[in-house]
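Student: Each chain, letter by letter, is given below.
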Amino acid sequence: MASRVSRGIARTIKGPRLANQFASQAAARQSDDSSLVNQPPKLTKLPSGVIVASVENNSPISRVAVAVNAGSRFEDADNLGITHCLRVAAGLTNANSTSFGIARSIQQEGAQLTCTTSREYIYYTVDCIRDNVDSTIKFLRDITTAPAFKKWEVAKLGEKLEIDLAAFYQQHAARSFDLLHQAAFRSTLGRSLYCPEVTLGRISSEQLLNYVQTHYTNGRVAIVGVGIDHDQLVDEANKFNFFPAGPVAAEKATYGGGEIRINTGSGPTAVSVAVEGPSYLPRSKGLAAKDLLHAGVLQYVMGSGPFIKYSNDSLVPRLGQAVAQATTEPFSVSCFNANYTDAGLFGFTAISQGTAIEKVLKSAFSQFASVTKGGITDKEVARAKKQLKASLYFYLESGDNLLTDLAEQALGHQQIVNPEEIAKQIDAITTNDVVNVAKRIINSRPSMAVVGDTARTPYIDDLYR
Amino acid sequence: MINVPKTSMMSAVSLIVPNVTKPVVKSVAPNVGKYLVPPAKKAALTSYSMSLLTGKGAMRVTSGIASTAQIRLAHTDLRVPDFSDYRRDAVKDSNKSTSESASSRRAFTYMVIGAGSVATAYAAKNVVTMFVSSMSASADVLALAKIEIKLTDIPEGKNATFKWRGKPLFVRHRTAEEIAAEQAVDLSQLRDVQHDNDRVQKEEWLILLGVCTHLGCVPIANAGDYGGYYCPCHGSHYDASGRIRKGPAPLNLEIPEYVFPDEDTVLVG
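Residue numbers (the working numbering), protein chains in the order written: chain A, 68 to 532; chain B, 5 to 273.
Watch out, some of these pointers could steer you wrong.
[To be verified] Some chain A residues judged to face chain B by a derived CB distance under 8 Å, without partners named:
1) A240
2) Q274
3) S381
4) Y526
[Unchecked claim] Beta-carbon label-pair distances, calculated as ranges:
5) B/R83 - A/G225: 52 to 60 Å
6) A/Y377 - B/S98: 36 to 44 Å
7) B/R83 - A/A522: 51 to 59 Å
8) A/E396 - B/S105: 57 to 65 Å
9) B/A106 - A/G225: 54 to 62 Å
10) A/S465 - B/R92: 54 to 62 Å
11) A/S333 - B/S105: 53 to 61 Å
Hint data in this document are derived by calculation from the structure and do not stem from the laboratory. Given the structure is predicted, the values throughout are model-derived calculations rather than measurements. From the three backbone atoms N, C-alpha and C, an ideal C-beta is built for every residue, glycine too.
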């Protein structure tokens, strides 16, 4: 008992200093204590089919997540919004604990239990002090393998979904990004992360149970951990008994293209425009894994948000500077590169007041057109490569992001790639590659989603060329 | 994910994007019918605040306890009643400092409390003694404890016997010779030394309890060798002052408390 405590204290004292292990380390740090060296991520595939991946970053906090290949893309026409329901219902009574018991026990441990959904995965994450991992992982186990979804509790979910939805509708940029996927992919990746209004409160307990039993199966689950010993995680993972694998209708995501416009009256307008981008995994049609990083470089060539706090987007090349020539009103234009396993979106988000949005969009489009005509300079590509590498490292500094990245890699291609290798690949990119990818991207069919003052926002065919 | 159901609704929307760690603007409580609507916290009006809303990659949504957003429900339907009828004049004006009147208010309050405590203590003491003293002897019992004797009915030389407190009470009207004889008795001869004057208030009236101090028999008056009393049980001789002269008794006959309220009556007890 005493030794456990002192180990914990020793970790607490030494941990934060060595927390950012993943990036390059100075040699001086490594000589501090031989037991706290930088450790590579480890991946194990259990005989049951569950993938276990972890990286030890000597943090005093352990983060463990169960990632399930059951995101919103697996919704079909009958159960729209079921992943939103699942996200909100993660803490409800299950076969082994009541919702009150879960809340109280988690809080007693000082831990945090969250559920995150993306378009492809659902993550159930628990963050806790390293010593308390055993007692908190069992909640993950109960939630993912022994759900109960009591009828009366599910019936009350409608209120929570309403509040979630109303809060989401206030965020125009997030909403336009979500609607962009619906315009681009229609079904599969087009399914929203939020429940549509018409199906609020209509999801039943049987539907939830059915969805969980269909998708939370051995071949579709990864248990990932950050700040935890790999063998300990494998031991815990062996105690999980997921549902037996069955047939799952897996539609491939096909890009369609279109336009969605939501009028919320005058005021701030958010516009998301995108074309089909590279996917995360290799595929036969369209941009794929090998073009992923080129698209990333292109994203930073065109400009992806200001890097100086409280500064204007007008300083950011290329889009920001171009739009600043067209209007003096405040605006923000930033490129994004969203990649999924079998599809992707590459585009930009523009935010400004309704009176200026037309000028913003027109100048942004003309800037993209000039890339195909005038090309990109080496200097821009060099800058963009550095920014891409930096953003990758900054992203992985956070334990939460590290966890998600591990899960996506484990479930996506069953191996963990170090960021150093990715950085090497980025360094190997040439300007020609970027220009080629840019031409293919800019000439494809666009999709657009507008949330805000649609009366003043032009349509996509007005802007296109 | 923890959503504590029923009471607190907490949810978060965070646009977590790969390649940048920037949480987006926190969600605010919207209008969902029965919940109150605080206005949106701040509209994004500058370029920088707008740029915080954009992302660089795919979107994830997180729900959980202690997440970034919180919905607070204000209870503006509660109204605090107006208590100004009960307030002191010195503190009614909310623009004036009340520290000047503080000492006088405090003094008044303390005086009222002090006076009240004294009165309460007095009343309490009275109530308690009233109830406790109800356990002492009642009036009829007390009445039986005294006896009033008319002395004119007792001739000289005679010994009258009365029942008093369950015991025989002897009232003897002594003659002058008896008085003189008793007063002349040599005290060194007495077993229980007491002069006659110590035993009577008025010389001619000898009042004593007729209970022999040996073993409690009733002595016979005008009997014995000393002209007083003689106890037949064990042969104790008392003189005309009730003092033991001969026999087994150790002490003189007991003299009770008595007063002469007037010439002709005596009140014993």
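Student: Run every hint past the structure and note whether it holds.
Tutor: These are the hints, each one checked on the structure:
no. : hint                        : result
1   : A240                        : holds (4 Å)
2   : Q274                        : violated (19 Å)
3   : S381                        : holds (7 Å)
4   : Y526                        : violated (22 Å)
5   : B/R83 - A/G225: 52 to 60 Å  : violated (32 Å)
6   : A/Y377 - B/S98: 36 to 44 Å  : holds (42 Å)
7   : B/R83 - A/A522: 51 to 59 Å  : violated (44 Å)
8   : A/E396 - B/S105: 57 to 65 Å : holds (59 Å)
9   : B/A106 - A/G225: 54 to 62 Å : holds (55 Å)
10  : A/S465 - B/R92: 54 to 62 Å  : holds (60 Å)
11  : A/S333 - B/S105: 53 to 61 Å : holds (56 Å)
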